[in-house]
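Visitor: Read top to bottom, the protein sequences are chains F and U.
Positions 1 to 741 (my numbering) are the ones given, in order, by the first sequence.
Positions 1001 to 1272 (my numbering) are the ones given, in order, by the second sequence.
Honestly, the hints are just simulated from the structure, not real lab data.
Don't take every hint at face value.
In silico DSS-like cross-links for lysine-lysine, where the CA-CA straight-line distance does not exceed 27 Å [stated by the list, open to error]:
{"#": "1", "chain 1": "F", "residue 1": "Lys561", "chain 2": "U", "residue 2": "Lys1141"}
{"#": "2", "chain 1": "F", "residue 1": "Lys137", "chain 2": "F", "residue 2": "Lys125"}
{"#": "3", "chain 1": "U", "residue 1": "Lys1054", "chain 2": "F", "residue 2": "Lys259"}
{"#": "4", "chain 1": "F", "residue 1": "Lys508", "chain 2": "F", "residue 2": "Lys82"}
{"#": "5", "chain 1": "F", "residue 1": "Lys644", "chain 2": "U", "residue 2": "Lys1038"}
{"#": "6", "chain 1": "U", "residue 1": "Lys1141", "chain 2": "F", "residue 2": "Lys70"}
{"#": "7", "chain 1": "U", "residue 1": "Lys1059", "chain 2": "F", "residue 2": "Lys680"}
{"#": "8", "chain 1": "U", "residue 1": "Lys1179", "chain 2": "F", "residue 2": "Lys82"}
{"#": "9", "chain 1": "F", "residue 1": "Lys259", "chain 2": "U", "residue 2": "Lys1059"}
{"#": "10", "chain 1": "F", "residue 1": "Lys82", "chain 2": "U", "residue 2": "Lys1169"}
{"#": "11", "chain 1": "U", "residue 1": "Lys1059", "chain 2": "F", "residue 2": "Lys644"}
If you want the building blocks of each chain, they are given just below.
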Amino acid sequence: MKIDRRSFLSFLIGGGAGTALSPLPWKLMDDSSIWTQMWPWTPVPEDGEASYVNSACTLCPGGCGITVRKIDDRAVKIEGMKGHPVNNGGLCILGLSGLQLLYGPTRIKTPLKRVGKRGQGRWEKISWNDAISEVAKILSDLRSTGQSHTVGCISDSDRGTVPRLFERFLTVYGSPNLMRTSSIIDSYELTLHLMQGAQASPGFDFENADFILSFGSGIIDGWGSPVRMFRANSAWRNTGGKIIQIEPRLSNTAAKSDKWIPTNPGTEAALALGIAHVIIKESLYDAEFVDNYSAGFEDWKRFVLDKYCPDSVATITGIDDTTIIALARSFARASKPLAICGRGQGTTPGSLDECTTVHALNALVGNINKQGGIFAVAEPDYINWPEVEMDATAAIGMQKDRLDGAGSKKYPFSRYLLNRLPQAINSGKKYPLKALFVGDANPLYTMSDSKAVKKAFDKVPFVVSFSSYMNETAQNADLILPNHAYLERYEDIPTPPGMPKPVISLTKPVVKPQLNTKHTGDIIILLAKAMGGNIADAFAWNSYDACLKETLGNKWQTMVKKGFWSYPDFFVQTHEESFDTISGKFEFVSKETGSLKQFKPVNIEGDKTNYPLLLMPYDSIRLANGVIGNPPFVMKSVDDTVLKGNNVFVEINPKTAREQGLREGQLAMLSTPVGKAKVKVHLFDGIMPGLVALPRGLGHTAFDDYLAGKGINFNELIGPVEDPVSGLDTAWGIRVKLAKV
Amino acid sequence: MKHKKAKKYGMVIDLDKCTGCGSCMVACMAENNVPFRKDESDKLLSITWLRVYKLTNGKPFPNTDICYLPRPCMHCEGRHEGHSPCVSVCPAVATDYNIETGIVSQIYTRCFGCRYCMASCPYHARYFNWWDPVWPDGMEKYLSPNVSPRMRGVVEKCSFCFHRYQLAKEKAFMEGRRKLKEDEYQTACTQACPAGAITFGDLNNPNHAVNRMAKPDPKHHGRPTNPHAFRLLERLGTNPKVYYLSSREWVRRAGDNYLENESIAKKPAHHE
Chain F
1 MKIDRRSFLS FLIGGGAGTA LSPLPWKLMD DSSIWTQMWP WTPVPEDGEA
51 SYVNSACTLC PGGCGITVRK IDDRAVKIEG MKGHPVNNGG LCILGLSGLQ
101 LLYGPTRIKT PLKRVGKRGQ GRWEKISWND AISEVAKILS DLRSTGQSHT
151 VGCISDSDRG TVPRLFERFL TVYGSPNLMR TSSIIDSYEL TLHLMQGAQA
201 SPGFDFENAD FILSFGSGII DGWGSPVRMF RANSAWRNTG GKIIQIEPRL
251 SNTAAKSDKW IPTNPGTEAA LALGIAHVII KESLYDAEFV DNYSAGFEDW
301 KRFVLDKYCP DSVATITGID DTTIIALARS FARASKPLAI CGRGQGTTPG
351 SLDECTTVHA LNALVGNINK QGGIFAVAEP DYINWPEVEM DATAAIGMQK
401 DRLDGAGSKK YPFSRYLLNR LPQAINSGKK YPLKALFVGD ANPLYTMSDS
451 KAVKKAFDKV PFVVSFSSYM NETAQNADLI LPNHAYLERY EDIPTPPGMP
501 KPVISLTKPV VKPQLNTKHT GDIIILLAKA MGGNIADAFA WNSYDACLKE
551 TLGNKWQTMV KKGFWSYPDF FVQTHEESFD TISGKFEFVS KETGSLKQFK
601 PVNIEGDKTN YPLLLMPYDS IRLANGVIGN PPFVMKSVDD TVLKGNNVFV
651 EINPKTAREQ GLREGQLAML STPVGKAKVK VHLFDGIMPG LVALPRGLGH
701 TAFDDYLAGK GINFNELIGP VEDPVSGLDT AWGIRVKLAK V
Chain U
1001 MKHKKAKKYG MVIDLDKCTG CGSCMVACMA ENNVPFRKDE SDKLLSITWL
1051 RVYKLTNGKP FPNTDICYLP RPCMHCEGRH EGHSPCVSVC PAVATDYNIE
1101 TGIVSQIYTR CFGCRYCMAS CPYHARYFNW WDPVWPDGME KYLSPNVSPR
1151 MRGVVEKCSF CFHRYQLAKE KAFMEGRRKL KEDEYQTACT QACPAGAITF
1201 GDLNNPNHAV NRMAKPDPKH HGRPTNPHAF RLLERLGTNP KVYYLSSREW
1251 VRRAGDNYLE NESIAKKPAH HE
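Input sequences plus hints: build the corresponding full structure.
Guide: Next comes the structure, spelled out in structure tokens:
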């Protein structure tokens, strides 16, 4: 056959058409797309038997129940536990990311001893035996030279068996210096003590309340037990409950509230007094409660009526008097009104005056220890360990003044004043701190005036961290004794803040310990045994698990099965028996603290000429700002108007921006009397002119590359301001300058 | 007849309840093995099957208002079943409309990354894997075997947790049942939402909450008849299966491109 041009072209075209019509090209295209995707480095998760384990979340004090989905021995997903009294199925963004912490790069894999300088990140591995004997030796040396009181311990909580083991250890060892991370709960506990004579935490019956007057509390921004608050907020949508939000910035809570009333920052207490004025003047208060169960009302009434008429309150707060009057009337006339305070997530205790005034509003409408009101919730007494036997050294040590000044003549009512510790160490007036245990806390990140805190830490010769994760405090410790992650251990989780009924949850080892870690409870017991004598005698348990099981007694079985223990027989006391004050009644003016003081705005740092604007922090549920930093998933959820690259945005009103000559997205220098930082500018109509808002939770130097180095830690820019009565930190903001760079 | 029996899974999101907390975003990431990178602040590159947008009413202080709007894949049905914007354009049949459930699938091994679907999706619900996913050492342990991790060069998007549907169907089959109960198949975001703002179910089933809440009108491509309900870009005709509820008019207006003085009140049926 002769191949001419024509047949050649026919062959080519025919062949082409034939191939195109055949499955070949499609098959090849399909195959090539499959082949180019079958890379060995793309993981193929192994299949296996699915199971679910009930446990509890410890990533914040919220105390939610969780159900962990497992495939064979791997945990693959955390979900909210249905039927749990706190969260009933829902879960927050941080709780959902827990597995990224469990299996993540921030875990501390083994006990570590510092080799280089503090904070340099140079460590050597050390065996558990060596680590514990080293701590025991240092503690024994201090004790034998009469310096037992120079040992301190910082923990996020003082409830539950592990904090109580720390407390027991320090007691029998001879140091009064156990300190708890402060929060609005401190102010509330003090308020309940002064006004009601109660040793209790506040419990808010949000589920039955129908009118919430919130003085800046971030009801849906992480205040209290976050998931419980989300659920309550949704329930109010269905039942017609109202929220009135008072704060100078349109937070998520303000946006979701029924009415947002912007107030001049720091004047919330004055507004509360103005509301009280209207309620008293118009006789809208609960006369039955006030007449029968309260004391000091006449004095308080005169004070409020004299000084806080709506006119003068309007001048202080910037809210017009008609709004104040209307607000007071609707609050008093609601069937279940409830007033709460604690700005944002309540991480700062705030002024005691503010807390007592807001609490007095609740008393005016008679919702103390009543359905839909506020309860004084005592800690459930399930921890009944035998009394420790203290030797002479311990007794002497325990009688020493606390380093933070809590319980001193100046601040007799406060139990813990961690905010005063850095100053006490840095001034060196009292006595030095020679050794510091940091339990479940991250003070180097969470305490204000980071520079001063760092300086104080540098003065403590021996810092031991019990953290599971490489946080800022662990990074600057001398010895890290890593705890099991919360999904690897048993531990009781006491009643979350704000719950009106006690509930204890149980974390369980969902997976076996993945790394060479040890339960903090076990470390305390081992340490006590290594110290010998009375100290060892106070810790007779063989292991922490044995201690926990014994402590929980008949609750243990139920808790293992259900994941929690709630108190069905919890009952509300009558008004006759519930006030343990000097007068035996609710005291509008505490007989212990004495006279009434006129409202004085908290004296925040900085002068107006050099720092023309006001800087305030804001809290977001998408930015964890406590002991745990954001895991990668949570970082993904952060908006690009909050963080872009490594730059954090501050929010300012467009009007303020014009005055300062700033544009959207522009870089600017933020300087306060405490520190300065480069930030970007985001214009937001929802913030009061003259204010600058910076999110909390960024600016970590520890944790992993997904979090570290992004943004600014608000605590670097602000220092504590002491409350004159409680000694707690009252700073809600600081004066600031924002200038182009 | 077959079509009458078919399910049409959809979602109703109550924006009055949504707090913008982001639980749905993370529940979705954890459920579906979504990868993450060191910098996720460039939202064009950040893979979020469900993204929560922040809307503002644009009014000056103190009349400003904000609202959060979670945006999963809308699983558009189009004017006729399966005429979703993305399904219509995919040259590789890597995305398909499931007649049985109304769910728009994404088959990663078929996708060759032309990103035509991304261009056609009016909701930005589709994301491209510009990089291979990398989990820090040890973190692959939490990966779920129910959803295959994707690789560089493919598009991914919300699947309404289709694997949960399959698991629920398997379980029902083992128990000798053919029908699924309403709560047997729920997406991860619905389950996680602490505010209870998301409701999921069969829009064709009058007993399901989604049907009662959105009141879709089958004669007008599922347009909601609840006056507080709206869909995103309703007038594009994509017929999405995600409905939003809001009592605030400015929020409902934000759902579509309205002229300044245009009313968003529903036109009577005969205008169509």
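Visitor: Can you list which hints this structure breaks, lowest number first?
Guide: none
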